[in-house]
Amino acid sequence: MRSTDWINKWIDKYFPWIKIGTIVIDRIILFSAIIFILLIVYDLGFGLEAQYHKVLPSIYFSYIKFYVMISGIRVILNFINKEKSKKEKWIELLLLILFSVVLVFYSPKTTLSSTDFLHPHFRIFTFLIFFMSFFHAVSKNIANFYNRDFSPTFFLVFTYFILSSLGTIAILLPRSTKEGIGFIDALFTAVSAVSLSGASVVDTAVEFTRFGHMVLLILMQLGGLGIMAFAGLFGKMFTANVSFKNRIILSNAFLNDRMGEVMNIMYKILFITFLVEASGTIGVYFTTLDYPFADLEDRLFFCIYYSVSSFSNTGFTLTEGGMMDPYMESNYSLQLLTSFLFIIGGIGFSVIFIYYARTKNRIIAILMKIFKNKRMERTDRVLNVNVRLILWTTSIIIIVSIIAFAAFEWENSLGHRNLWGKIVGVFYSATAPRGTGGNVVEMTNLTHPTIMLFMLLMWIGASPGGTGGGLRTTTFAVALLNIWSVIKGRSSTVIFGREIEQKSIRRAYATISLSIIMMGFFTFLIFSFDGENLGLQNVVFEVFSSFNNIGMSLVGTEQYTPESKILLTCAMFIGRVNILTLFTAFMYKKEIELIKYPNQDIIF
Amino acid sequence: MIKDIYNRFWRKTLFARKKISKQVSGIILYLAIFFFLVFIYDFGFDQSPGEEKYINLFYHLTKWILVICFGTRNFLNIFNRNKLLRVKILDLFILLSLFSLYIIHTETFFLYKYIHLLPSFKHTFIPLFSFIFIVEYSRNAVSFYTKRLNPFLILLLSFLIVIFIGGILLSLPNSTTRHISTIDIFFTSVSAVCVTGLGVIDVSKDLTLTGQIIVLMLIQIGGLGIMTFTSFIGFMFSGSEVSFQQRILQREMSIGKRINEVARIIYKVVLIMIIVEFIGAVGIYKVAPNNLFDNLFDKIFFSIFHSVAAFCNSGLSNYPGGLQNVNLRFEPFLLLNISFLIIIGGIGFPIILNFYDYLKKQIVNVWNLLVHKKRFQHVPYLINLNSRIILYTTGILLLIGFVFVFIFEYNNTLREFSFGEKLAVSFFTSATSRTAGFNAFNFGDVNFPTYILIVLLMWVGASPGGTGGGIKTTTFAIMVTNFISLAKGKERLLIDRREISVASINKSFAIVMSSILVIGLSVTLILSFDPGFSMEEIVFEAFSAFSTTGLTMGITPNLSAGSKVVLMILMLVGRVGVIATFSAFFFDFHSERIKYPKQQIELYEIN
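Chain order of the listed sequences is H and P.
So in this note's numbering, spot 55 of the first sequence is number 55, and the numbers just go up one at a time.
So in this note's numbering, spot 245 of the second sequence is number 245, and the numbers just go up one at a time.
Okay, chain P solo, but in the shape it has when bound (with noise of 0.2 Å):
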């Protein structure tokens, strides 16, 4: 009788209780954007009292309404059979430290007097609020993806708001410790959320600490890759499926296993990334000396930070003058400590997590042999095609850039360095090119050769699904690969007995071909906005912007603000990707129907 009930209330209000429930999450957003900037305001300038009054009474309301808004969402979950516990369990758990919140600032309650001891209102509301934020956000970006939107626009509409977000943050009086113009502003944090690391403001100096963490937390994001760090967040408090949608994107942008795994792998990722920064970090932690620091904090900090930067390829650091520093570029086993980092972020997570997987099953198997006296298993390590490639090209590229960099540099750029420290400096030279962007010397005084090698090194870049730009080290493959097989008059692509499909060459050409286009351009508008420098330089930053590699010849700081511009616009286009930028407006959902007949296009005298 009572489940009758049920079921029909269950049945007839279904329209209206999925309304409601659409309403209570768009006012939660609205509400959350609102927060943020008046959170903003509160944090990054200094309030008159009478100000003070109208932002705290502004919270006091948003709490209730944030009450109201669970409370709703709480009823209703009751008759939802199709949402998952765990997201149930979420909003209780958010309804209940709402709840706890007011209970505990209410003067009437019993243990009101010790309120002291605990964190003001405004400091305990404002991490819940935030994070009640990122799960709403999350949620609705999963729904967005469930849409049939174009995920390109979303990955490109990602990386701007969170560019944006960034340069507000940075624009805030306490993030600074002087004055700085806005596109200044603005472009550390395309520079950041870019990975790349060309910086118009001396990081160490024009940053308040909190400047530096924001920058931190943005090459974080960018590195990780704004769409694994969103869908990973969206995964785990989201009730419903990862849309199909939503893991092509995944595919696209950086993971190239099965697609039914993703949502795992996202998960996976996240925390390789961790371990691998940490034991980074301990690395950089063991080699700094300590003589440059002020206090243990410094250090720590320093670690970290050089070990994000490095792991994302981004290339920013927060020392005085980066490693090229004297204090640092003599210290060779830091430089190799940041460029395995740098190796390890640029190669990719599929094979990072192929090892991974590997040694996970060492290690139990190991564990196995020594604790349960169980017999060892083989564990076959499988290399797909795509990770051969990428560990082929990126070796010989690093042994190339080691080796010339070490000849052409021996007795110009490198005469300061004791033998082991050129190796070092070269071995690291070589390993930030691929999109890092640290630098041990002054690539402004390099010699013609190891330019133009440099030059190469950027655009190739690191691999696909790691943290590094470029146009990639398989794009660079499939291009030597494939004059080579036509040279040889063989009709298809091979590589190690597989043939490489039709769409995989097209996909790398339109790459090659959008990335001279592009770097052309800018450097036309980049030489027309500044005919000052010569082109030796301008062709340099382009590259390494292109490339979100961060290395320059010393120009960046002394652009004009258009070529600081297009910079910005290089980077992001860099970072996204030409044919994911321009896809991200002109992506066609349909599938083509008609079939046309196939024709030779006359290319050359001799086809």
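Isolated chain H, as found in the complex (with noise of 0.2 Å):
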């Protein structure tokens, strides 16, 4: 007893001294995350030399010994800190134990030969680790950024610049592709990967190798969980009204710690990811037994890379001509499972969470039933407004798109198939254009009528807080909802019992009208560099596409001038970040509001 009074008052008497000491450490896991992230992607980019492979094993290995070191001082002040959630603790001491199994098993002394290091295997598995607590760090100094009023407009725009930037370096490295990339194409492709959208100007299944696979693979995924944790962090999908801010004043207030809360969403976000995606690895592995790969690394690479890909709503693959590869067109189950994929992944986190969180609720009542024979009190039964409209809307939107397109193209396009094939095939041109963007119809053979409706679902997107594009589909239905209530001459717009806030409405007639006029604008420039020899359909087709981040192409976007490709690319990157962000990030100023001006009506 007398012994911890007195552990408990060094610990109070010296607390603002661990609570500096953890952050140093902090920062420093997190500088030399980033160091280490970059040198390993210059050593397997470049594929250096053999005179280096003695070096670098070296290089690693002091490397891993001084991360296992500031890991462990963490863990330690760990177990004096108070102020850190349990759950973080954890996190913190996995992270140690597993740089240890790295330390441990990978240390020269133990093998016989250097040569181990150079394995790609133990690089990656190293890598992986590395991002882990690259991410960890992260997601713990997003809390203090945003303490310290940094706009994360600003933020979301800043790192998806620096990602895109990183990704074209990345993809600029002479090991990434197989014969060079040209600067411009490069810059595409990290665009497109990092924005999800997936077009491409040049056929990375047989340019890349597979180290420029990884980055793609790795853009992409980067790219998704950025936008989910935007979404988690600053929308206000869990919390009804209250918004980041208060809910960080708030917990303040109530001696809650706000990194938990954070990294709470993180890890919620990487968690159902990293489960979504694994399902998806595992299902694409069973639909594809039957094609011929080299070795099971292949077909792991394979599947792990589709179903990231897919969830992503990216629309990458590694067959030559994507899904019209002679044997991705005739696989109709893996179609499904795809659509089932960019579905999923477009829905947004916040309704698989809520889906998610209620299937486990149900298994545990369950399991209680047997096992206990307690009865478990049945909550949350009742949906979020955001959540319901974002269910209705997909499917409204996914049924009328299936209808349409089966009338359109039953024995038009799909004319060729069989009936189980056009009904997946139908199941999957109609979901494709709000996110992944694949065709496994000949774009060329489609009739006009289906070319605008693809536009029209291109434009919608999907729902927001997922990986799909587009103005999303709440945009798309706080728009027909205004319109059929000022039809109606009402004053509020209502849905679910709730009337919609003005300034939701505000933003939506914002998004749609700069999108309309970035599209314009884009289509504009980029007809007087290829309107000549593609024409108005094409061109705009290809705006479409690239500003919604849906990647399909009506003649392949490598016939584009590179003038072309780079205004491609701003628009890849403006319909990332949203153009309505992309100003407020620029131009937002606080203003106190303390004049109040008369109203005015406007006629029409």
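Wrong hints could be hidden among the right ones.
As the list claims (entries may be wrong) - Capping the alpha-carbon separation at 20 Å, the derived lysine to aspartate or glutamate pairs in EDC-like fashion look like this: (1) H/596 to P/491; (2) H/503 to P/499; (3) H/488 to P/588; (4) P/595 to H/501; (5) H/65 to H/26; (6) P/595 to H/499; (7) P/488 to H/501; (8) H/596 to P/496.
Said to hold, decoys possible - Label pairs and their in silico Cβ distance ranges: (9) H/203 to P/420: 52 to 62 Å; (10) P/444 to H/203: 32 to 42 Å; (11) P/14 to H/388: 50 to 60 Å.
Read the hints as simulated data drawn from the structure, not as lab findings.
Even glycine gets a Cβ: it sits at the ideal position worked out from N, Cα and C.
Assembly of the complex is requested from the two constituent chains, each provided in isolation within its own frame, with the hints serving as guidance.
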């Protein structure tokens, strides 16, 4: 008793120092992780010559040693730190254990040859751990960023800018591509991957090496996680009307730790992504059993790549010609699986999370009943209005687009398929323009109405907080609901017994008008470079596809001039960060509105 | 004593009198409709003598029925205290003129031998009957509005009725020089009434003078706005007060001022329109070269037609090839004249009225100063926010159009013009794109930047309360200011220290979004009906039709029937407004009683 008292006293006395120490260590870990990631990318990307092989292992080794040490100190500090949440402490302990595993198993003393260091598995494993620790450090620091009145919009734009630049550099590395790639093409591909568009100016399946594919995989994954993270942190999915900042203030007031909150959301997102992608991978594995892969590694990589690409609504594949590869085109179960993956990815993680939590609760309830004979109270039966709106809008759009697509294309571009193939083809083709942008029918065979339908679907896009693009289903729904209430002559727009806030309507308005203006602007510019030989329809389609991060193309993006490619890159980037966010990032000025001005009606 | 009996009679027969009065109105209205059909048959086709006999008999019968009806009505008027004197006098006047017509044409009449000096019975009776018809229709139209009828439905129906009548009139053999298919006839009628100006026929060649006059009338009615038109006449001839709903409708339709001024405003609108069109016609007459016309009448008709078409933002021309004709396109002053008419017509009556009032007061001031030696009174020139938005937006759009058309087309379609003419043509193109639809060069040849610019200008269109179409300048202004103010992080939308009302923002949003959806749908339909044309041409056509502009890249006459129908619907919807069209069927009169809790909707990652 006495001794613990003494310890507690001591901790209380030196608590500020412990806090500072923790922060310093966090920073060191963050920056060293960044440096290590850069190093490993450099190493992998350039395929360093043999003379470095002796130096590199020791660099890696000392790095890992340093890391283990630092994490060890952190874990020790955690024991005496009361402010940290248990979850965080556990994660930090896990990281330490993982690093120790690397240290023990790959230490030059335990292994006979230093070549093990150069084995890709080792590097990938190390890379993954470093990435985890990087992710952990970043998610901690986001809270700090926000605390300092760091504009989240600017943060979003900045993050995607950094990701795209790093992606470009990684793709430009000699080992990423088989025969080298131009700067514009690399930039285009990187932005396409980060913005989850999936448009390609080179056939990534053929031109890129395994390392290049890994780069793309990471970019897609980061792009998707980023979007979900931003939605989770700065959106108001979970907390109906309490803003993030207010939440932090509230948390402070109740002496909860804000880091815990941020990390909680981040890890939830990570976990859900992992869960869906893992099941996707397994699904892909079983649907592509008859595909002749070289070895198991190839097969696994294919499954993971494909699953991530579908879930993040990007649409890159490892087969030549994308989904139009003869094998992929005839693999109907794979197409169906893909559709479900990108629909789940596009529906937004808030919806997934709510259903995940429900399923979990239900399973627990059943287990409790069976094993402990206890009845659990069923909770959260009521869905958030946002979630309900997303679900309704998405289902209606999917049904309408399926009917329309089937009506236009049943005997046209789907003519050669059997009935099952037709059904799957319709399902895939009607949902793909709202997300992944893959095509299982010849784009050149499509009828005019289908092309217009595709453009509408691309424009609407997926749901907020999801990995798809476009205006978002909710924006579109708010627009239509508003039209309806104006037609009815009502003063407020009501959905599910809730009046839609004026701010949301204004935002939807701004988003829609800006997207039209921007797409018009891009069409205008790209047409002046490529209009003569490609025609308006192709250019408009391309702009719709790029701006809404879909990645479809009627004639193939590689046919465009470099100027147009740069413009399309800009379109993808702006489309991903959302043009209104981009403007807000640079124009936002906090203003206290003390003056009340007279109201004014406008005639139309 | 007599007064007592009179009062008792008045009270007891109230119900009966009302019923009779209603019956009489009904008879007259149905008779009028039937008469109208016969009249069309009579004038549009050539008849055999046998048929003519029946028609004359019908005219005489009509006359008798009318005499009886108006006799009854005048008799009832004596006892009706609620009717205005003006109305009673009008009824009496109609009865007397019917009688005089009857008397003049009987053989026992002492001046019968001089009858040949007067127009024939038919030619005196028909104008009189048309007059009666208009009066009756307007009265009934007014009584429609006093009932709880959906005003948007009336608006839509009015357009449909005028289009239908216009179509029938144009399909008469005497209106056209050659056989024209029904769809083309109705297309022309829609195009004229909706002041679009898209043409599937050549007005100058395919229509006779009668046909051209009919088109001119349709343009005039369409431009003025049918509601303005009917309520104006209804106001002139109706005994009852203008209903509240009608006033509301007026405000929706075109006028932004206080509602109790509506009636007077309509009167002013017509007056101003006549003045402006007259001045415009004189201006065109002055600048149009003499050698293009066969005779004076042709030139006068040309001037009037173009003045009306320009003021109403129609864009139809009765000169072969329109203003693109080599004889006309090199007349910069003609083009400028028409441009100004277009701008005045498109800027909306509220502003013109504002300016007119100001000008009138100033003139009175000057008059007082000169004649009565009174002191000059300062007249404040007040412009409300709406007018300011309209003026700014119109000015900016005109300038943008002018500058960019000049730059983009300098070496392309403007090549053959001299420098001064280039300026004039650029300005003209900028003005005409904002929903008039005249063209001084072929729009099929423009560069793509110009194309996009013109599509944008067409889409934005003219100002509310004007004769033009589009989503309107105010809508566009709200759209732009909305996203700017949101990006700046402002909670409310302020323009010139006025907070824009929630309803206005929502309405402008609905207009923008619905316009895009409707245009998109039309493009899809036209593309599927006519896959042969490029998307460029079809998009241009759809925007042109929706905004009732009438510019074309030259594909209109070659479209299939389905596409033409789509364009017709698009023109009508564009003229009436997408929201108003749907409101015609779905408008909810019940006020909302329930207040729901507010909910923010997730739109993007960061809200």
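Status of the hints after comparison with the structure:
1. With a C-alpha separation of about 12 Å, the suggested pairing of residue 596 of chain H with residue 491 of chain P holds against the 20 Å cut-off.
2. Of the pairs offered as hints, the one joining residue 503 of chain H and residue 499 of chain P holds, with about 14 Å between alpha carbons and a cut-off of 20 Å not exceeded.
3. Proposed proximity of residue 488 of chain H and residue 588 of chain P is supported: the alpha carbons are some 5 Å apart, at most 20 Å.
4. Restraint check for residue 595 of chain P and residue 501 of chain H: satisfied, since their Cα atoms lie roughly 13 Å apart, inside the 20 Å limit.
5. At roughly 17 Å between alpha-carbon atoms, residue 65 of chain H and residue 26 of chain H fall within 20 Å of each other, so this suggested pair holds.
6. The hinted pair formed by residue 595 of chain P and residue 499 of chain H meets the criterion: a straight-line CA distance of about 8 Å does not exceed 20 Å.
7. A threshold of 20 Å between alpha carbons decides the hint, and for residue 488 of chain P with residue 501 of chain H the separation of about 19 Å falls inside it, so the pair holds.
8. With a C-alpha separation of about 13 Å, the suggested pairing of residue 596 of chain H with residue 496 of chain P holds against the 20 Å cut-off.
9. Between residue 203 of chain H and residue 420 of chain P the Cβ separation comes to about 56 Å, which falls inside the hinted range of 52 to 62 Å.
10. Restraint check, residue 444 of chain P to residue 203 of chain H: a C-beta distance of roughly 38 Å satisfies the suggested window 32 to 42 Å.
11. Our hint of 50 to 60 Å for residue 14 of chain P and residue 388 of chain H holds, since their Cβ atoms are close to 58 Å apart.
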